[in-house]
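Protein chains in written order, with my numbering: chain A, 185 to 453; chain C, 142 to 449.
No lab work stands behind these hints, which were simulated from the structure alone. Where a beta carbon is used, it is the ideal one built from N, C-alpha and C, also for glycine. Among the hints, erroneous ones may be present.
Label pairs and their computed distance ranges (CB to CB) [claimed, not checked]:
| no. | chain 1 | residue 1 | chain 2 | residue 2 | range |
| --- | --- | --- | --- | --- | --- |
| 1 | A | V193 | C | A436 | 35 to 43 Å |
| 2 | A | S357 | C | G357 | 57 to 65 Å |
| 3 | C | L171 | A | L369 | 21 to 29 Å |
| 4 | C | S222 | A | P227 | 43 to 51 Å |
| 5 | A | D218 | C | L206 | 45 to 53 Å |
| 6 | A | V193 | C | A349 | 21 to 29 Å |
| 7 | A | N400 | C | T209 | 15 to 23 Å |
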Amino acid sequence: MGRAIKAVVLVATALLWLVPTWLLVVNSFTAAADYTGTPAWWPQSWGFLDNVGVAFAKANVGYGMLNSLVYAVLGALIAVVVAALASFAVVVMPVKRPALWFWVIYVGTILPLQMFLAPLFGGYATTALYDTQYGMLLIYAALAVPFAFFVVRNYMTTVPREMREAAALDGASWLRMFVSIHLPLVRSAMLAAFLFQFTWIWNDLLFGITLSTSPNVRPAMASLADLTSNYSNVGPPVVLAGALVASLPTVILFFAFQRFFTRSLKLTS
Amino acid sequence: MTVLTPAAEVERPASTPAAGPARRGPRSVLAVALFLAPAVALVGVLMIVPFLDTAYRSFFNDNGLSRTFVGLDNYVTLLTSSGFGQTLVNTLMWVVGTLALPVLIGLLIAVGTHELRWGALARFSLVLPYALSGAATAVVWTFVLRDDGALNAALAALGLAHLEQGWLLEWPLNTVVMIVASTWQGTGVAVILFLIGLQAIPPSTIEAAKLDGASGFRLFWHITLPQLRPITVVVVGISVVNSLKTFDIVWLLSKGGPGTASETLALTMYRETFTLARYGAGAAVAVVLTVVVVAVSWLYLRRQLQAN
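Same shape as in the complex, but just chain C:
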């Protein structure tokens, strides 16, 4: 998987032999600049500058009208605020839930269906929600989870009326339920990625293992899973980053409520900045979130890349 080794590949000198026209001449420097400029300008101006601006803002008390330097106050306030622990727990629940559900289900469905003739049909039903928008997902899940929604109606019809709940009204149930909704939508991505990984396993490897008498679970555990490792790193890496950044589905289903009970870090950041107009405090949350995402991805990818 080339996907896994960007760093390793870029470290390698990109153009060792004198292959380019007018190599090292002044025209060549200009040419390089012209090819690189659009991408660097777009990313630099619209992503890296905003990031630096956010980091800078986090040291100020800023209500949009006036701005005073407060040092690390915003960070201290955030880390000691009563809701912060709850937000961290929710974010952690999203990471664990996303690793446990979409990744695992995606793996099992991909492995279970890739050799079946009707497998495409089963996969179709899992991939369909991925093609639907987050907004469509939220609309239909609101519909399922309302007090008089489809889920409670189904429970009543099955004679399980005592299990009826206000699904989005109590923590931790609301976060768990939203993780399920997000799993419904996101598992298709994992299925597709694992399928690509499975296609890359040489059939001869599987045949040889089968000749040695491996089958079923042992074949899966000792042959398929290790061979899938490169793509697993990608799926897990993406899942960790995306779950730490969870925003859309919570915003659409519960707005982080009731109160701030189901907020994730991304929602706290959004609420501080846009609902309360406390730009400095919002920026501090954004920086904390960035540090967490970058640190976690770096730690995970570094270990995985070394292990390869």
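The shape of chain A in the complex, shown without the other chains:
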């Protein structure tokens, strides 16, 4: 009895959750000419590819995705490497006040992101970083550091002390110890941090709309927001098709590595 109720509740919740996703997919298929002004519950026509074409042409979603790919891959990569270096310093090296340095870097995850917008906007304008790809990459890499640092640092504390003592006796330098002992051992934590931060950068809208305007600099989510403000021009099916395509990379990445996420996080606990 209890088991049956539980199953019914779970199935009902799961189905309810799928309704918006269903609407998203179905309506992205409606050809612009067939769109009646009200959302459809079943596929009306098969204009998905045409819609994607219009979205890519009108709002530079294609450019945006290319930009976002560069920002997300390089930004997350830089952040993870920088975070690993800092983790090594705080965990392994004889640094004074490791707790202070920990909080200096970690506080970045607590501060509200909107707080950075005005000063960064001003700073970027005066340093000619505004509306450049270097500027976008720089801010994404910096914002991705604190969380990556937290993950990698916690993982690095599990590296057995004997391993580094052996290396020290061999006369290895800090850099060699980091590259040949710690880096391989925290590989999986670094990969997990990379995937989390890739997804975060890919989905960022805030810094995209604040620090860039040109189509060849704007990330995907900012371009997509342009499409929404042109709502009446292109129509909802085009907007939905654009949104669906722009979300594909993270959906694929996320589900490809979902098992890995849970397994690697479990190891740190």
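Model the placement of chain C on the given structure of chain A, informed by the hints.
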């Protein structure tokens, strides 16, 4: 959960035995600096300096062209402005709503499905929206909530036409509806975190409780929930911080409107700064928001960490 004890772990001296090469020598200091510098520089220059700059700006009347010192005027204006109470209420609604919906649903789905063979399918449907972007979420929910949108159409089709609404046009309904949309997207995170927590519970603990006759709700309440506590602290902590900082979904769905009826603190800050170009006033909101977020997370985490 190591995640919960950063402070405790960092307090412990990181390198007690003389393990490092060239320990304490001048080369060692240089080496430490080189390893730490990139992270400290990136966070310091692009996050901590902007924070201090914002705090400084909040004492000025600043329209982007000229700047005059006004002391605490921006704070007084903010705290006494007619919309501020509304903004606080909205922000509070987001905190409560986020704790009530995604955290609770996430917990129930994780506990309910982790031992079921078809559980992965049920979880798939909840985690899918998390992988979609906030922009995609906003587009589809605009679509659902418009006057001639999917929700009103569905109500009409079910013969419930009298329930049709302008979902985003009236407070408090608009905030409630946007919390539901945000729940749809964010619950997947809680599900995944609780699953990790469940995997960390030793099977022997559950077996022993079952031998003692615990089952169903009692097993959940007396065994599973206390064992999940470390991960619950993480989920609740993240949820509180993120809900206080709510921005994206409101900005995309209602722009804080109609008027400023559905604004949160983060939206007020954005509007003052970028729409009205009142940088000092915007900075004051940002500082108030930061103080609230830091205070709440510190109070919550401090109590939880002590309790452990």
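(request) Check each numbered hint against the structure and report the violated ones by number, ascending. (result) 7
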